[in-house]
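Protein chains in written order, with my numbering: chain A, 933 to 1242; chain B, 933 to 1242; chain C, 933 to 1242; chain D, 933 to 1242.
Please note that a few of the clues may not be correct.
Identical copies look the same in the list; a pair holds intra-copy or inter-copy alike.
Okay, derived cross-link-like pairs now, DSBU-like style, lysine-lysine, Cα gap no bigger than 30 Å in a straight line [as the list claims (entries may be wrong)]:
1) LYS1097 <-> LYS991
2) LYS1097 <-> LYS1169
3) LYS1058 <-> LYS1132
4) LYS992 <-> LYS1058
5) LYS1058 <-> LYS1169
6) LYS1035 <-> LYS974
7) LYS1058 <-> LYS991
8) LYS1058 <-> LYS974
9) LYS991 <-> LYS1132
No lab work stands behind these hints: they were computed from the structure.
Just so we're clear, the structure is a prediction, and the values are computed from it rather than from any experiment.
4 protein chains.
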Amino acid sequence: MAIRGLLRVGEVCVRVFDIDEARRHYGERMGLIETYQGDPDKLYYKVADEHDWYSLVLKKADAPGVEYFAFRTYEDAEIDHFAAALTDYGLAVEHVEAGVYPKSGRRIRFTLPSGHVMHIYADKEKIGNGMPTRNPGTIPDEGYIRGFRCVRLDHVLLGGPDIVKNRDIFTGIFGFTVSEELVTQEDETRLAVFLSCSNKPHDIAFILQPEGSRFHHVSFLLDSVNDLFHAGDLIGKYEIPVDVSVNRHGVTRGATIYFFDPSGNRNEVFTGGYVHYPDTPTLTWDTSQLGKATFSQDNMPRDSFLNVLT
Amino acid sequence: MAIRGLLRVGEVCVRVFDIDEARRHYGERMGLIETYQGDPDKLYYKVADEHDWYSLVLKKADAPGVEYFAFRTYEDAEIDHFAAALTDYGLAVEHVEAGVYPKSGRRIRFTLPSGHVMHIYADKEKIGNGMPTRNPGTIPDEGYIRGFRCVRLDHVLLGGPDIVKNRDIFTGIFGFTVSEELVTQEDETRLAVFLSCSNKPHDIAFILQPEGSRFHHVSFLLDSVNDLFHAGDLIGKYEIPVDVSVNRHGVTRGATIYFFDPSGNRNEVFTGGYVHYPDTPTLTWDTSQLGKATFSQDNMPRDSFLNVLT
Amino acid sequence: MAIRGLLRVGEVCVRVFDIDEARRHYGERMGLIETYQGDPDKLYYKVADEHDWYSLVLKKADAPGVEYFAFRTYEDAEIDHFAAALTDYGLAVEHVEAGVYPKSGRRIRFTLPSGHVMHIYADKEKIGNGMPTRNPGTIPDEGYIRGFRCVRLDHVLLGGPDIVKNRDIFTGIFGFTVSEELVTQEDETRLAVFLSCSNKPHDIAFILQPEGSRFHHVSFLLDSVNDLFHAGDLIGKYEIPVDVSVNRHGVTRGATIYFFDPSGNRNEVFTGGYVHYPDTPTLTWDTSQLGKATFSQDNMPRDSFLNVLT
Amino acid sequence: MAIRGLLRVGEVCVRVFDIDEARRHYGERMGLIETYQGDPDKLYYKVADEHDWYSLVLKKADAPGVEYFAFRTYEDAEIDHFAAALTDYGLAVEHVEAGVYPKSGRRIRFTLPSGHVMHIYADKEKIGNGMPTRNPGTIPDEGYIRGFRCVRLDHVLLGGPDIVKNRDIFTGIFGFTVSEELVTQEDETRLAVFLSCSNKPHDIAFILQPEGSRFHHVSFLLDSVNDLFHAGDLIGKYEIPVDVSVNRHGVTRGATIYFFDPSGNRNEVFTGGYVHYPDTPTLTWDTSQLGKATFSQDNMPRDSFLNVLT
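Chain A extracted, bound-state conformation (with noise of 0.2 Å):
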């Protein structure tokens, strides 16, 4: 037992107007490491403390937003369990053979009731997160960690319809549990809600939006506050659209930066926020507080976080 199942949001993939602006972006800005090429429309990254060879992939597409995101599972028997459960569910489940995605095992494919392209796969190789596995030391070589200092790809937030659908299937199949929601003072609708299988306070969270589909960010992990504000440093001196600066959140309690890759789609870097268990109580914010949920050092809502998705 332990953690089993869904593991992790494994991979993402992105929608680019320009495959160099993207690298500019993701590659030379961010200091993402670009792993693999195979494919001219797209880039390949993994964050410098993964071992997976990748966890971003970004698509020269017409429009920007999410085409997919897949989740790593513990073991490759659970792929089938899961498509069961989905097809139980009502799902259109579509099976993917390894191979079609590079390094990456079979998957499957489905789509939530929000609109977003789901994949499950329980292997991809591994490229290692620049130090052994034997007497790894604790520092990867200098230059390996660059740029912002991002740690790892740690989750998404996705708009949509049906999110309460959404959260049934995270729960009721996945076994996911509710870390927080957002609701409205009124009649507790469901504004959003953030879901958790690890330690994080939210693995994937979904947010209610009349259109299917939409993106609105993903983010990476830093080590400190000291490192958020670098970063910070960064995309101020090369002018990154920022959507919100240095701030703390409410739900999650995350210190956070929210940002615009060149083709409009918000990426946030942050760090910190609560260890989390299946047993933690949900934390339930009311849209009363929507200024102290979302962003809690000054308790100030923006209508662009909160309307602006891709």
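Given the coordinates of chain A, assemble chains B, C and D onto it according to the supplied hints.
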């Protein structure tokens, strides 16, 4: 699925010579929160960001050391599942009724091959973390987090013989992963095994010792290296005996201070360390790098650290 | 030689509507230390790591703003030297006897071209920083540093006309250096001048305003960005009105939060910034980079920051 | 006035056995910036946030130690003033023409009672800190700050006899303040004196040693304890010999790591410490608290720290 079975070290019972001295150390100085008084020979503490009534129990005794440790499991039915598996393995499993341990549901109790008494329970009443669950905010009232600014009880390190058998129980029955291990350079004898059931690089670890049921340390999580420095300043101010001052472990990459309570039990405060998953490669250190494995900022093994246990 | 003449802003007197509200803000919440009670219409505070009896005076009044600020000078004889030089310059200099201001030696008092009342004094009794001067240790008793964990009163920013005249007095008579300045892109009109007599990037600054004797903010030094975040968490918790949440200044490179006291006076907590020397080149920002000059992590100028003064 | 006379240790010349090894240590690993090549037996480094061409000179020699150190003074005329005062005191003062030291104006050169050769100069050409002086921004291009992320050369600690005479020269002639001192408990013999001409708790310090002209360490400023930890990680990675790993000094309250260059010269990286003024009370430590005075987080004096000099 997600996190199931054993969740965390939810309770550690440490033996102390003197209750008043222990209260001064753990309560007044470290700032743990005394939550329950039921027995003049015991002290019950929670750490600031924990929700359960208590995680640390101090028991008056003639000798220091660890009386028992207890893992919280996800749900009640798992207790019986584990009881059966442990019995099959050949351990004597004792059932303890709800209420024998304050605020706690029923438990099983058994002795590991290393000589340590371990409990498993699924329920303990919750007292909260100083913040409501509706619109909680991000920081409790001033004074709730104080002293060393500990966030949670994080893990224990225990010494005894047969640690490979312990490892097999934790991996085979409880589903833990070996995150790291320390072996002799000569013949790969396991000197220490680090076991994770979570995203933490270890939830429990065992170090090879000829005598059974030995206690190496209990560890408390801090939020940042700044808070680690603050704790170090207070440790110095109070002239608390220090085993190893601020450093970083090779194993787990945690930043650490080791010090002793008035009875000679080792405590740790730490912060950092990497995010662990069941598919993270196991890291192996051998004794050619003993210094780096233990204290990576000066690569200097400390005799006391390896040999002083209670 | 070394540091001579004016050493620091040793005292600021700020006008507040209500003494009880002010005490709640500056004392209970921010954690400044009330050290003297002599007049029911005034509050006297020191900051934790200062040795003098007080540095902040709050005075009940019908309007917010700054009543006066006072520089501590190195030695008594310099008072007369400055009095003569200021008189030569054409300012009316008033002599105030020792004891008129509590715990303070004699002063001179004069009005700058910008309309601000400035004092110079050489003596104020010392109350210490919570630690002895023989074998002091490194950290005072718990509770001495609390609230926002402010370390020192650091600087003031004042608004008024004729700030170039102010600059000339501070450089020509007091020997300050212009560390940075903000000018219009069109014709290099000085909009703000930042003046240092120390290793700090500014000890005092003036911002061009049509009306005289305006108060922009008083700033308190923190130890780290972690403490800045902690202060930000408390500011959010207490719902203190925030002008600009966590960011980094272009000017001075200080990490900052701006907020308002209950009377509408702007306060700052900050940390960092570079080490300044008299031979450090003067940095000039022009209005083409107004956003970056003020808030460099999102390059966004804030109207309120530039125009709201008391 | 403000800061006048001696401003800072602007240059230290350290003797090393091997230029290539020194370059690997100070340049490649520590990340100091090599700015000048003029002599195959010397290396010239600046630290990232300094504006002068160089502050550290390494000179090939048969023995390690300090060749000389040089203070930058505010203006040229002060050189003659100090030359006269030092001559009056009884020291032989040698005049050195501009250009003898690269990029440097004229100097005076003399030997302190402790046996150390000291220079005073008023001019050195500036190369800048990687950022323009018009609209500079807050962070140089990536790669400019690297390795240990040192910000500035901060101070030197030197050993020799007659340190009270040195103290009298620095206080009496140069106007420094004794910020702290270490005395024997028995008879108040001065074992170490810490002298400040700035807002730093020390610009130079002398430790009593029977032999003259001894070198204890040269110290480099870091921005935060996070950066100190990062430097510690690299020190461990490169297996640089460590004298004392991360700790906090009692004297100056600086957080520190001591390590050795390949020639056995001690280096320090540090951060923090209080803001000092000429009216800050002198702090006195006696040998009853030798551990706390030197390393306050474990109160443990280190023999090597007190006795190993080059």
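Verification of the supplied hints:
1. Taking the shortest Cα distances, LYS1097 and LYS991 sit within 30 Å of each other inside one copy (28 Å), while across copies they are farther apart (49 Å).
2. In this assembly of identical chains, the alpha carbons of LYS1097 and LYS1169 never lie at most 30 Å apart, being 42 Å within a copy and 34 Å across copies at closest.
3. In the homo-oligomer, the alpha carbons of LYS1058 and LYS1132 lie at most 30 Å apart both inside one protomer (23 Å) and across protomers (20 Å), since each shortest distance falls under that limit.
4. In the homo-oligomer, the alpha carbons of LYS992 and LYS1058 lie at most 30 Å apart inside one protomer (25 Å), although the nearest pairing across protomers, at 47 Å, exceeds that limit.
5. Only between protomers do LYS1058 and LYS1169 lie at most 30 Å apart by alpha-carbon distance; the minimum there is 24 Å, versus 34 Å within a single protomer.
6. Taking the shortest alpha-carbon separations for LYS1035 and LYS974, only the intra-copy value of 14 Å comes in at or below 30 Å, while the best inter-copy value is 51 Å.
7. Taking CA atoms no more than 30 Å apart as the test, LYS1058 paired with LYS991 passes inside one copy only; the shortest distance there is 22 Å, against 47 Å between copies.
8. Proximity of LYS1058 and LYS974 under a CA criterion of 30 Å is satisfied intra-copy only: 19 Å inside one chain copy versus 46 Å between copies.
9. In this assembly of identical chains, LYS991 and LYS1132 lie within 30 Å of each other by CA distance solely inside one copy; the values are 28 Å within and 33 Å between copies.
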